[in-house]
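Chemist: Each chain, written out:
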Amino acid sequence: MDKRYLDTEGLPFCKGCSHHLIARAADKALAKLGIDPLDVVIVTDIGCHGIIDKRFSTHTVHGLHGRSIALAMGISASLNDPRKKVLVFIGDGGTTIGINHLIGAAHRNIDMTVVVHNNMLYGMTGGQRSDLTPGAFRTRSPIEGFTEKPLDVLRIARDSGAAWACRIAAHGDISDAIVEAMRAPGFALLEVLEICPSYGVKENRELKVTEMEEKLGLPLEKHVNEHPATADVAPRAGVRSLLEGLAPIPVRHGHSLEGPLTIMISGSAGEGVQSAADIFVTAAISCGLEATKKSAYPVTVGVGFSTAVVTVSPARIEFTGVRKIDWALASSADGMQYLSKHIEGMGGGTVMADASNAPPATAAAVKSADFRGAVPPKEVNLLMLFTLLEMSGIFPPEAFADAIAGTKLGARIDPQRLIEAAKVIGSTIG
Amino acid sequence: MTEAQRTAETRTAGKVLIDGSMLIIEALARAGADVFVGYPITPANLLYSYGARRFPISLAAPDEISTLQWMSGYSAAGRIPVTATSFPGYALMVESINMAYMMELPMVIVLAQRLGPATGTATMGAQGDLLLMQGTLSGGYPLPTLCISGMEDCWTISAEAVRMAVRLRTPVVLLTSKDGVMTLRSFDASSLPPIEPVAHDLYAGEAPYRSYEPKDDLVPWYLPVGNGRHQVRLTASTHDRGGILQNATPEALGNTRRLPEKIERNIGEFAFYELDEQEDAKTLIVSYGITAPAAREAKDLVRERGGAVSLLVMKTLLPVPPAYWTIIERYRRIVIAEENLQGSLRAVLFGQAPREDVAQVNAIGRFVTPEEIAGEVLGRG
Numbered sequence: 003m004d005k006r007y008l009d010t011e012g013l014p015f016c017k018g019c020s021h022h023l024i025a026r027a028a029d030k031a032l033a034k035l036g037i038d039p040l041d042v043v044i045v046t047d048i049g050c051h052g053i054i055d056k057r058f059s060t061h062t063v064h065g066l067h068g069r070s071i072a073l074a075m076g077i078s079a080s081l082n083d084p085r086k087k088v089l090v091f092i093g094d095g096g097t098t099i100g101i102n103h104l105i106g107a108a109h110r111n112i113d114m115t116v117v118v119h120n121n122m123l124y125g126m127t128g129g130q131r132s133d134l135t136p137g138a139f140r141t142r143s144p145i146e147g148f149t150e151k152p153l154d155v156l157r158i159a160r161d162s163g164a165a166w167a168c169r170i171a172a173h174g175d176i177s178d179a180i181v182e183a184m185r186a187p188g189f190a191l192l193e194v195l196e197i198c199p200s201y202g203v204k205e206n207r208e209l210k211v212t213e214m215e216e217k218l219g220l221p222l223e224k225h226v227n228e229h230p231a232t233a234d235v236a237p238r239a240g241v242r243s244l245l246e247g248l249a250p251i252p253v254r255h256g257h258s259l260e261g262p263l264t265i266m267i268s269g270s271a272g273e274g275v276q277s278a279a280d281i282f283v284t285a286a287i288s289c290g291l292e293a294t295k296k297s298a299y300p301v302t303v304g305v306g307f308s309t310a311v312v313t314v315s316p317a318r319i320e321f322t323g324v325r326k327i328d329w330a331l332a333s334s335a336d337g338m339q340y341l342s343k344h345i346e347g348m349g350g351g352t353v354m355a356d357a358s359n360a361p362p363a364t365a366a367a368v369k370s371a372d373f374r375g376a377v378p379p380k381e382v383n384l385l386m387l388f389t390l391l392e393m394s395g396i397f398p399p400e401a402f403a404d405a406i407a408g409t410k411l412g413a414r415i416d417p418q419r420l421i422e423a424a425k426v427i428g429s430t431i432g
Numbered sequence: 005m006t007e008a009q010r011t012a013e014t015r016t017a018g019k020v021l022i023d024g025s026m027l028i029i030e031a032l033a034r035a036g037a038d039v040f041v042g043y044p045i046t047p048a049n050l051l052y053s054y055g056a057r058r059f060p061i062s063l064a065a066p067d068e069i070s071t072l073q074w075m076s077g078y079s080a081a082g083r084i085p086v087t088a089t090s091f092p093g094y095a096l097m098v099e100s101i102n103m104a105y106m107m108e109l110p111m112v113i114v115l116a117q118r119l120g121p122a123t124g125t126a127t128m129g130a131q132g133d134l135l136l137m138q139g140t141l142s143g144g145y146p147l148p149t150l151c152i153s154g155m156e157d158c159w160t161i162s163a164e165a166v167r168m169a170v171r172l173r174t175p176v177v178l179l180t181s182k183d184g185v186m187t188l189r190s191f192d193a194s195s196l197p198p199i200e201p202v203a204h205d206l207y208a209g210e211a212p213y214r215s216y217e218p219k220d221d222l223v224p225w226y227l228p229v230g231n232g233r234h235q236v237r238l239t240a241s242t243h244d245r246g247g248i249l250q251n252a253t254p255e256a257l258g259n260t261r262r263l264p265e266k267i268e269r270n271i272g273e274f275a276f277y278e279l280d281e282q283e284d285a286k287t288l289i290v291s292y293g294i295t296a297p298a299a300r301e302a303k304d305l306v307r308e309r310g311g312a313v314s315l316l317v318m319k320t321l322l323p324v325p326p327a328y329w330t331i332i333e334r335y336r337r338i339v340i341a342e343e344n345l346q347g348s349l350r351a352v353l354f355g356q357a358p359r360e361d362v363a364q365v366n367a368i369g370r371f372v373t374p375e376e377i378a379g380e381v382l383g384r385g
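As they're listed, the protein sequences go chains G and L.
Residues in the first sequence are numbered from 3 upward in steps of one, following our numbering.
Residues in the second sequence are numbered from 5 upward in steps of one, following our numbering.
Hints may contain errors.
Just so you have them, the derived chain L footprint on chain G, three or more residues with Cβ under 8 Å [claimed, not checked]:
#1 246-252
#2 278-291
#3 295-301
#4 322-333
Reference listing, derived: stretches of chain G covered by chain L, where coverage requires no fewer than 3 residues with Cβ under 8 Å from a Cβ of chain L [as the list claims (entries may be wrong)]:
#5 28-42
#6 50-61
#7 64-73
#8 79-92
Keep in mind that the hints were calculated from the coordinates and are not lab data.
Predicted, not measured: the structure shown is a model, and the values here were computed from it.
Cβ atoms here follow ideal geometry from the backbone N, Cα and C, with glycine treated the same way.
Using the sequences and the hints, build the whole thing.
Modeler: See below:
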């Protein structure tokens with residue numbers, strides 16, 4: 003046999019361990035495939051099977067307990083080349099620990115061959131049961147928490163979407179099974195039933211490897227998926243700079259601000275608080291101002307309050323915390339509820355509220371009007387910001403109108419109508 | 005630089021409205037990172053969505069351990085992967101980060117801090133994870149940790165994180181916080197310096213490649229698994245220079261000793277900080293990350309009020325660059341400002357022992373304010 007792949011001298015396994023058989027079969031399978039050793043990456047895991055990698059002349063990667071399939075997923079996806087073969091050796095313990103990785107790789111049908119060395123227990127740590135240990139298999143550990151039925155990784159792999167899955171006993175020459183697995187188009191899982199000679203044989207003296215199917219209820223079966231769904235992991239061509247679509251905002255207007263000004267605007271989710279604030283900030287930049295904007299809303303974004311905190315300043319804004327609120331705008335009951343504690347704490351400034359919701363006692367000047375009666379709900383926050391501009395004169399409303407026109411809202415909202423409405427309200431409450 | 009990048013830079017001349025996440029992802033990609041492995045976690049979601057758009061390869065991982073393992077696989081096979089997370093996700097990645105460190109796999113983990121412990125408040129910023137960075141690696145080895153302290157840093161420090169990861173063959177954590185990645189700001193993108201992509205130091209020798217044979221700078225040459233020239237062996241377990249698992253042979257222990265030495269010896273190349281010293285100042289404000297803007301304003305406040313103070317904003321946090329000690333030694337009093345209760349940077353720099361010459365300004369659930377820092381400086385300065 004060609005020995006280009008495996009140095010069989012002094013394999014590191016216990017006498018009688020079927021890991022010998024699997025390692026030699028893998029060697030033979032690679033020879034049958036005629037593949038260059040440097041086109042193979044063997045990924046191993048923690049467990050006795052994992053110490054074989056130093057004997058292989060392929061690339062070898064020795065990772066964490068239970069994680070070899072996930073590690074191999076990254077390698078296989080990165081190589082993304084059917085000529086390169088990724089071969090994973092994992093134990094039943096590692097499979098138990100990382101069962102989600104097996105499901106994930108099978109689900110995406112990532113190209114790799116996983117050989118599960120199922121010797122029915124954690125051999126390196128003293129013979130503890132794994133989730134792949136059948137109830138009928140006796141171990142030294144009296145630990146509880148298992149059922150009679152082990153995890154059937156074969157069916158898990160099959161049902162998750164693997165191209166190929168097969169269970170065999172560690173008996174005779176299993177190299178053809180490995181060859182078949184490695185030729186499968188995508189994720190292939192080969193579960194090999196073994197009995198650990200150090201921790202399994204004494205407790206199961208009557209059991210032979212060839213009887214495991216019958217006595218342990220582990221059917222030696224094969225599932226071939228002729229049409230597996232495979233995740234596309236190929237690099238995308240033509241990705242573009244994120245900055246490419248980010249047009250600089252030309253300065254077309256002036257402003258009258260001499261220092262920073264902070265506005266909190268709060269309303270109901272779905273009524274355009276965030277977009278209104280974004281556009282307002284864009285308008286401020288078009289007036290030569292510096293600006294920052296933060297958001298706050300519940301994790302269920304479609305309900306309850308939605309708040310934006312905007313600071314505009316003629317100078318660079320370094321610290322983005324709120325020192326004082328100059329304007330608090332509450333466009334709905336949700337908004338007022340959120341802003342109440344802030345409004346109570348205001349030592350000056352202005353509270354602008356829809357007339358339907360009275361603000362709490364505050365040292366700020368309170369300006370209430372029927373904003374919601376003047377425009378549809380989705381425009382009420384824009385109207386309040388136009389009214390703020392009307393009352394404060396910090397920058398021209400035309401800058402805000404221009405900014406609206408530059409967004410999708412521009413097609414369905416007439417800013418002039420909002421400017422006129424703001425003038426009427428402003429003259430009433432200002 | 006590609007034609008598209010040049011065009012993009014031209015078009016963005018002037019102020020734009022942008023968040024830090026976009027700058028971070030763009031800078032990472034321009035620096036050569038080419039894989040984004042992500043999963044949704046607040047406040048790193050913008051990084052996730054930009055990463056999905058910007059990187060040639062972007063994958064949604066099912067969980068945090070898978071994320072780091074996939075990244076490790078990509079890194080082993082020649083790519084430069086990135087993820088973005090927050091404490092709950094990072095905590096689950098810790099063992100795999102140890103693996104990547106041991107295997108010497110370049111990658112960048114952007115950690116957007118949020119208020120903890122546990123799930124805490126996902127939408128509230130914090131600086132609570134520095135000691136976790138310091139303790140991530142079993143053995144107390146230094147995990148390179150850079151920190152973003154402003155919009156410009158989103159660009160420059162992110163690019164340096166990629167360069168550091170590749171140059172030193174190591175995972176690098178890029179620390180930021182909710183405000184650093186989510187706040188929209190006016191920003192002059194035309195002032196951004198160009199970023200040159202980094203490349204692996206590829207082994208070009210004819211002799212068999214040994215994955216952990218160090219160069220003079222203690223960093224091993226790199227070759228990807230799957231290459232057709234030389235066998236590559238990588239292992240997370242204690243190993244010799246060839247990548248063969250060894251229990252505790254002198255060569256293997258020597259290799260383990262090399263891992264921190266590799267970082268520490270080369271940290272001078274990656275010592276990023278901002279220093280504003282005032283003549284006659286006896287107090288030094290030290291800060292980082294989202295408290296750095298407050299510290300900058302505090303420095304101005306103190307000076308406006310006639311006080312003398314200097315400011316050190318640390319952008320390389322771990323390992324602590326020796327240059328910091330030289331600076332710190334020049335001052336009688338150190339005021340450390342950070343958004344946590346216990347004083348993580350203080351503990352990194354000075355341990356837990358009480359010291360008359362070290363003061364702390366801390367907060368949780370809100371920013372530390374410039375006035376608080378200035379008050380601490382002036383109150384006892």
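Chemist: State for each hint whether it applies.
Modeler: Status of each hint after checking the structure:
1. 246-252: With 6 residues in contact (Cβ-Cβ under 8 Å with chain L), the coverage given for the region 246-252 of chain G holds.
2. 278-291: With 6 residues closer than 8 Å to chain L, the region 278-291 of chain G meets the three-residue bar; holds.
3. 295-301: That given contact holds, which follows from 5 residues of the region 295-301 of chain G lying within Cβ reach (below 8 Å) of chain L.
4. 322-333: holds (count 3)
5. 28-42: Result for this restraint: holds, n = 4.
6. 50-61: As far as the region 50-61 of chain G goes, the hint holds, because 6 residues have Cβ atoms under 8 Å from chain L.
7. 64-73: With 6 residues close enough to chain L, the hint holds.
8. 79-92: It holds: at least three residues are needed, and the region 79-92 of chain G offers 5 whose Cβ sits within less than 8 Å of chain L.
Checked against the numbered hints above, the structure violates none of them.
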